[in-house]
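Engineer: Listed below, chain by chain, are the residues.
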Amino acid sequence: MAAATSRFSLFSKGQLVVLGLLASTPLIDVAMPTLRLSAPMRTVVTSAIIALGLNIVVGWTGLLNLGIAAFAALGAYAFGILTCEIYPFQVGFWWGVLLAGAVGAFAGWLLGAPTLRLRGDYLAIVTLGFGEIVQDGLKNLEAITKGTQGINPLPAPSLPGIEFSSETPVRWFYAYLAILAVVVFLCRNLEFSRLGRQWFAVREDELAARCMGIQPDKAKLKAFAIGAALAAVGGALIASQLSSTGEPANYDFQMSILALCIVIVGGIGSITGVMVGAIVMVGLNNVVLPIATQSLQNAGIGSTQNVLTSPDNYKFLLFGLALVLMMRYRPDGIIHSGKAVRK
Amino acid sequence: MTNTEVFLQQLIYGLSNGMIIALVALGYTMVYGIVELINFAHGDVFTLGGFLTLTIVGVLGAAAIIEPGALGESSHWLLLLGLVIAAGVFCGGLNLAINRIVYKPLRSAPKLTQLVAAIGVSFILVNIALFWGGAPMKVFGGGNAAAASKDFPEILEGSNLLGDSSNVVLRLEDIAIFAVTIPLMIGLTLFVKKTRLGRGMRATAQNPIAAKLMGIDTDRVIAATFLIGGFLGGAASVMWSVYNNTISFQMGFRAGMDAFTAAVLGGIGSLPGAMVGGVLIGLIRAMSDQYIETRWTNVVVFGVLILILIFRPSGLLGLKQREKV
Amino acid sequence: MMMNSMKTANFRSAISAFAFLTSFALLPLAGCGSDKPTAPAATAADSIKIVSSLPRTGSANAQTTSMVNGIKMAIAETNGKIGDTTISYEDWDDASAQKGNWDPTVEAQNADKAIADEAVMAYVGTYNSGAAKISMPKLNAAGMVMVSPANTAPNLTKAGFGEPNEPAVYRPSGKINYFRVVPTDDVQGAVAADYAKELGATKVFVLDDREVYGKGVSGVFQKHAKEIGLEIVGTDGIDTKASNYKSLITKIKQTGADLVYFGGTTQTNAGQIAKDMVAGGLKAKLIVPDGCYEKAFIEAAGAEALEDRCFITFGGVAAKSLTGKGRDFYLAYLKTYTSEPEGYAVYGYEAAKVVISAMQRIHAAGGTITRASVLAEVGKTKDYTGALGTWSFDANGDTTNRTMSVNTVRNGEFVMVKVVN
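The listed protein sequences correspond, in order, to chains R, X and B. Sequential numbering from 1 applies to the first sequence in the numbering used here. Sequential numbering from 344 applies to the second sequence in the numbering used here. Sequential numbering from 669 applies to the third sequence in the numbering used here.
Worth flagging that the hints you see were computed from the coordinates, not collected in a lab. Hints may contain errors.
[To be verified] Derived pair list, reagent style DMTMM-like, types lysine to aspartate or glutamate, alpha-carbon separation capped at 20 angstroms:
1. B:826 / R:85
2. B:740 / B:758
3. B:843 / R:167
4. R:222 / R:205
5. B:865 / B:926
6. X:454 / R:332
7. X:481 / B:972
8. B:740 / B:752
9. B:909 / R:29
10. X:454 / R:206
11. B:909 / X:636
12. X:555 / X:379
Construct the entire structure; sequences and hints are all you get.
Structural biologist: Here it is in structure tokens:
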């Protein structure tokens, strides 16, 4: 019956808390202006959207995907081609984001259809390979993608009467946060839908699910396509934020790995957890480590004379250490969904 | 160069590169076979092996490398053997320590938790390699540019064995790769097939709980697996350094990715599979560089991988697994 | 089973919380003042900040460290003050640990951070031309001066090298705010092609690293090489993470090329290419651009692989060969940092110096130091005599300095073999 009730609520309490927390970060900026949190906040949101897409595949359906960045790349480039002034389409921000999602879904379906019958880690390497293929393809097909030059400029969100630009980062952030809220709402509804229950069944026991009349391949394919669509939306939002698709190399294996870390660190299978994961991981990468090294620098500690004395050179170490320690002490992630089985 | 010469040359390069990948892939596949963990840190353990090798070479100095005869005619080979053993023991020990400190406490945690921990270890090792690159030694450039790639001196004589006039180049280092990797592979196969510990490994891979019930000390088996996998990675790092004459703190990334791909291509968990997969990837890379374009090589490698897996879902030599009920 | 009342309670709380959330969202939309952090300080700032945004994590670290040292020297020379106002400097990293290379989100963040911090008057950066594309339009809209010590991609400032909308796309305000103290690649690529001909090459194989900088400079090289009658026997883009390029070298060998041009940097594996040319028995010469003009390149390739067969073009002359103020810089650098400066150190120094001189001129004229006044004054830099000689910024914001040098390696050191003006 839990499923029936939840149909009426937009968000769970946890999700509300996290969304509210995110919504209040600009206030922190007012209180402590030196932190300048509003700059990285959009990255938290885009990363959360990509990770929520990944969560559907990894967390709910139990398929390991190591190439989610490929779909973000396709989304970013679809958005670029559909909206940039040097191409004939110029559909604008909102259509651009929606169509980017559609392109992502199609790509997910295309990759998933022949490969989803592969067992766990074989599928993982296929997605990893797909990530490399997309990256190199975008680099090499210069006639369409401009190769490494990137496609720019790209439109910011637009609403009648409200202007968005790099000078209004807070306003822009709220636009992105609203999109995240919609994504969370969609995910929450999927989680308790018939399809969501099919995913869980497939994850727990494929054979049993089949006996219950579920077609695992179809359910998996849908998870793949929806996850890819969300990642593509995330990619499109990154491109809009940068006003450029950037280089294809930006959507590399490291990006897929970061998304995976967000899901696992936050709490696999939990929407709230994934959002928390995004705050923690992006916060670590884009806020804590830069601020930490910066304050050491300002305090006159460390010098650029030697590799060991330059604070910047400790970033890999701290990032890695944080991952290991979090896994050691919170093996189920920060927010434990209580549903994911130990496999 | 005639077309035949070109083909022969690419065959040599493809096999040499492939054998190194295969050696790294064995470490992946063994660990995966036993604990079902994609050990992301394996490539970086390999990197540190390269740094240790360069350090030893730096400590021994130019004399040991260039002047033959210090240990007789075969001094270069003895040096190579020494390096393989040293790097192998070091990487084996390191892998063992990582298993003990990081993976072992997480053994009952979800698989993906272990995976993320492995990713974390990988970042830590990359940073250690970066610091190591700043070591105040001449071979590391005196420590001025820690992040830069490091030149690895030639240990084996670099002239063309087929004569200077030949268009096809075959160097001692190509031969050395085979001379080192093939005995290691044979040794490993015999070890797993014939020894008590090897039998324990196969049993644990088959079913860890049943193995434990049968009185096998699975913790010891797992530790041994990490040790041996690390040893092979260390040996590979020496051959990689000798063959490419460069090491860098991020070299483990591509080596690791290629090796992981090779392990899956061959059928993850299968030792001969990892060997075949590695060699195949080396060959595909060489042929694609020559007959397609270097810029498309990655696409070709992974395209072939996906195609093969579509038709052989358990890899080339992997056992077709029955779905568990 | 859940009770009906609870159901509605849940629903109600959700709605009210959502309303709470939306009200937050609407707050800034209504035009809250804090949302416009760009308002430049109208009065004299009590502190002036210069920031640099360079990749400090990962493989470009050696080169950027040298540049940061140069910037610090420039500031130290004025005792860190303009009049009574202190200049502070912050060395920002546009790379992230997770990427190990420049990260577009971090570069965007740095630009946003600089814009939001009212004390920041100038932005020194970027190192990678791709990164410049991200921050240029942001800083332009905010009217902050940006001086790059290292970007050489011509399409950042000049029309006709990239897309039709370049460089206008980087100047949304219509004004120029981006300046650079390095000569661009349209000069460099052509100098390299001319030198290839001088070396007696007839058949050239052109490689690039498939990145903004490498692709750009190799494109110019190729175009100019064709014009002066060199035959292009093949082109390819390398995989920068490959362990070696022996197979690619074999392919080049088959084409009979007597010269290889590689548009790329030390970080994109130029050293390995040089090395594999030797190992693969390819006797052709190699020309690479200024991204390889650093000690790390010699370290990576090994001196033997480069001796008199590899030529490196570089905007300007070697630090050692600088004269006048450049010589002073070189000696001061050696003294302060007890190591040879990398090729770009002097550009870091000059970029910061140009900004500081502009501030000094404003102060001397009794003006107020604001973003707008600094931007205007930097743009007026004309016949400036600095470490790189006497030069001006042209109408595009590029240096009029066109001095290029061709270098090779002998005994493990860069040796200048030719200077082109």
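Engineer: Against this structure, judge whether each hint is valid.
Structural biologist: For each hint, the structure was consulted:
no., hint, result
1, B:826 / R:85, "19 angstroms, holds"
2, B:740 / B:758, "10 angstroms, holds"
3, B:843 / R:167, "17 angstroms, holds"
4, R:222 / R:205, "18 angstroms, holds"
5, B:865 / B:926, "11 angstroms, holds"
6, X:454 / R:332, "10 angstroms, holds"
7, X:481 / B:972, "16 angstroms, holds"
8, B:740 / B:752, "19 angstroms, holds"
9, B:909 / R:29, "40 angstroms, violated"
10, X:454 / R:206, "18 angstroms, holds"
11, B:909 / X:636, "16 angstroms, holds"
12, X:555 / X:379, "16 angstroms, holds"
Hint violations for this structure: number 9 only, all remaining hints satisfied.
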